[in-house]
Amino acid sequence: MLEFGNEIKCELLGKFIIENEYDIVTVRQTIRQFAKDAGMGIVDQTRITTAVSELFRNMYNYAGGGEVLIERGEVENHNALIVTCIDKGPGIENLELAMSDGFTSGMGMGYGLPGAKRLVDRFEILSKVNEGTSVRIMKWK
Amino acid sequence: MSESINITNIKDRIDRIEDILASVAAGDMEARIQTETEDDFSGIEAAIDLLINDLTEELRQREKVQKELESKLEKIQEQQKTILQQQEDLLELSSPVSKVWDNILILPVIGTLDSQRTQVMMENLLQKIVETGCTISILDITGVPTVDTQVANHLLKTVTAARLLGAECIISGISPAIAQTIVHLGIDLSTIRTKATLQDAMIFAMKQNKRDDEIRALKNIVIPNEHAD
Ligand SMILES: Nc1ncnc2c1ncn2[C@@H]1O[C@H](COP(=O)(O)OP(=O)(O)OP(=O)(O)O)[C@@H](O)[C@H]1O
Ligand SMILES: [Mg+2]
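Residue numbers (the numbering used here), protein chains in the order written: chain A, 21 to 161; chain B, 16 to 244.
It is worth saying that the hints were derived from the structure and are not from the lab. A couple of the hints might just be wrong.
Simulated DEER-style distance windows between Cβ atoms [what the hints assert, rightly or not]:
#1 B:Gln195 to A:Leu117: 24 to 30 Å
#2 A:Gly122 to B:Asn235: 45 to 51 Å
#3 B:Ser38 to A:Gln53: 56 to 62 Å
#4 A:Met119 to B:Glu229: 48 to 54 Å
#5 B:Ala211 to A:Leu22: 41 to 47 Å
#6 A:Met119 to B:Gln195: 17 to 23 Å
#7 B:Gln101 to A:Met119: 37 to 43 Å
#8 B:Thr71 to A:Leu32: 42 to 48 Å
#9 A:Leu32 to B:Ala62: 52 to 58 Å
#10 B:Asp227 to A:Met127: 32 to 38 Å
Everything numeric in this text was worked out from a predicted model, so none of it was measured. Don't be surprised by glycine CBs; every beta carbon is placed ideally from N, CA and C.
Could you put together the complete structure from these sequences and hints?
As structure tokens, this is what we get:
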């Protein structure tokens, strides 16, 4: 399991498992609610919800599912909503390629990862072949 | 001055106590010593019977609580089943395609578009296009809260398939927030005709209808014999 350093002081808001399309929808809704609670407007809510939707779908499609951590923390003086997606799937061989617009190894559009990155304030990804992939995104007002 | 202790049959009575306690330990909650003798030892025997009574009562209570908990759990599981069923029903909501006007089909999409539902929706729409011969269809996504790459992909495919059948597909109900999000994702929807609201889409469709009618009428005047039927 690939983990990010915990240099940020966070408060855990929730921990979820994604293993089917239902989970994608319900956890996505939960995150929209947290964004709303954090005082984000409809545009920011939609951005973070769409970004996590991409990450969840990737976990579900390529790694058969994974785990989601939702946290709140202080990042660069912002009150950030932090979502970490961890899977133990096949990992990504070429991260640079996977992060580029239009690259898909399957039948997708290839905009999930680069698109998610553009939708949030901070995007980090770790991946190792045969070990898994972890993505952490942060969004603030 | 020492008092003398008066106990009869002590050996048999201790054996009986042992037997009774063993029975109780093995789960026989009816077993009691019930001594008939009246002497210095019978107090202890009666006390043991009382303890067994208390224990029995305690166990009975516990069983009752456990049964209540079990039935509550059952109820919760039952409710959860219902909720799951309802969620499933919601997802499988038939996608109602209706012909609202001459030549115009409307498909309102509500809720989340997973791959399975999109498949059903697309099939419904395409079949209706074939059945009615309508050349304009409006896909209204006002009720779709999240448009991610997968949903966008499905929409593009639906529009392309409709086009192959000779129908133009207009997508309406893209909110400003969703429009911005689509742009950030990087998805190009410029090949699709989109309208902000269902109303705009309807107006467009009706104008289009009128234009088509005029063209048809014009054709009929210029070359009246073109259509043999
Ligand atoms: N969690 C993951 N595990 C393994 N491989 C992944 C994972 N996430 C992404 N990938 C790989 O990276 C590629 C790019 O992902 P991205 O989300 O950008 O596009 P996509 O999923 O193919 O299509 P889209 O998201 O546009 O529908 C994927 O095709 C896949 O090969
Ligand atoms: Mg993807």
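Quick rundown of the hints versus the structure:
Range check, Gln195 of chain B to Leu117 of chain A: Cβ separation about 27 Å, and the 24 to 30 Å hint holds. Here the CB-CB span from Gly122 of chain A to Asn235 of chain B is close to 47 Å, well matched to the stated 45 to 51 Å. Between Ser38 of chain B and Gln53 of chain A the beta carbons are some 59 Å apart, a value that agrees with the proposed interval 56 to 62 Å. Hint check: Met119 of chain A to Glu229 of chain B, Cβ distance near 51 Å, so the stated range 48 to 54 Å holds.
Checked against the given bound of 41 to 47 Å, the beta carbons of Ala211 of chain B and Leu22 of chain A, roughly 43 Å apart, stay inside it. Hint check: Met119 of chain A to Gln195 of chain B, Cβ distance near 21 Å, so the stated range 17 to 23 Å holds. At roughly 39 Å, the beta carbons of Gln101 of chain B and Met119 of chain A sit within the given window of 37 to 43 Å. The hinted range of 42 to 48 Å is satisfied by Thr71 of chain B and Leu32 of chain A, whose Cβ atoms lie roughly 47 Å apart.
For Leu32 of chain A and Ala62 of chain B, the hinted distance range of 52 to 58 Å is satisfied, since their beta carbons lie about 54 Å from each other. Checked against the hint of 32 to 38 Å, the C-beta distance between Asp227 of chain B and Met127 of chain A comes to roughly 35 Å, which is consistent with it.
Every hint, counting from the list given before, is met by this structure.
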